[in-house]
Amino acid sequence: MEPLPDRASAAAAIEAFLRAIGRDPDHDASLVGTGARVADAFTDEFCRGYAVDTDALLSANKLAGSTDLVLLRELPVITMCPHHLLPATGSATVAFAPRDHLIGLGTLARLVEAFSCRLTLQEQIGEAVVGAIALHLAPRWVGCRLVFQHACMAARGVRTPTARVETVAFAGTGVDLMLVHQVLGVGR
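Reminder that position 167 of the sequence shown reads as 187 in my numbering, one-by-one numbering, no gaps.
Hints are not guaranteed to be accurate.
[Claimed, not checked] Distance condition first, Cα-Cα at most 20 angstroms in a straight line; then the derived SDA-like pairs of lysine to any residue:
| # | residue 1 | residue 2 |
| --- | --- | --- |
| 1 | Lys82 | His121 |
| 2 | Lys82 | Ala191 |
| 3 | Lys82 | Thr127 |
[Unchecked claim] Restraint ranges, calculated between C-beta atoms of paired labels, are given here:
| # | residue 1 | residue 2 | range |
| --- | --- | --- | --- |
| 4 | His201 | Ala49 | 50 to 58 angstroms |
| 5 | Ile98 | Arg27 | 17 to 25 angstroms |
| 6 | Gly42 | Leu199 | 51 to 59 angstroms |
| 7 | Thr182 | Asp48 | 28 to 36 angstroms |
For the record, the hints were derived by calculation from the structure and aren't laboratory data.
Predicted, not measured: the structure shown is a model, and the values here were computed from it.
Ideal Cβ positions, reconstructed from N, Cα and C, are used throughout, including at glycine.
Required output: the full structure, derived from the provided sequences and hints.
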């Protein structure tokens, strides 16, 4: 079980950070309450995925049945880079070839959101989604493609605001990987 966030300490830390970079929230009206707002944003939004038990989510929503392919394309995703605490935005495409079990499309979207709303790397999101689906549904194959633009690349460092980072995670055996890439839209 995840520890409960300490909002007061987080807010105080943000205010201390602002003071450390020469911006005093006690003397700049635009910064009054910033510590609390940032703490709330991270607790309630950016890191809300830690509170989701993904095993329970998938177990409770597993359905008997099969089809040739389940494909959820262009699901909007926002995550927070753990290196710079800046957002990465983009989309996820998740596909799997079921054997005996399905999950609802809403559950699939909630799974992606649960792994995205954490301080995590783009690559880890795809691996977590694929791993959870493989474990709970045992499909013939499962893949997750993520295409993000990273604020840490756009606003600092290399300053490449139009660069898109694409990652693909996959699990399965005896499957034509080119077909999986085609289904996921790799390289589009």
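How the hints compare with the structure:
1. Lys82 <-> His121: 6 angstroms, holds
2. Lys82 <-> Ala191: 19 angstroms, holds
3. Lys82 <-> Thr127: 9 angstroms, holds
4. His201 <-> Ala49: 50 to 58 angstroms: Between His201 and Ala49, where Cβ atoms are some 53 angstroms apart, the hint holds.
5. Ile98 <-> Arg27: 17 to 25 angstroms: 21 angstroms, holds
6. Gly42 <-> Leu199: 51 to 59 angstroms: 56 angstroms, holds
7. Thr182 <-> Asp48: 28 to 36 angstroms: At 33 angstroms between Cβs, range holds.
Consistency note: the structure conflicts with none of the earlier hints.
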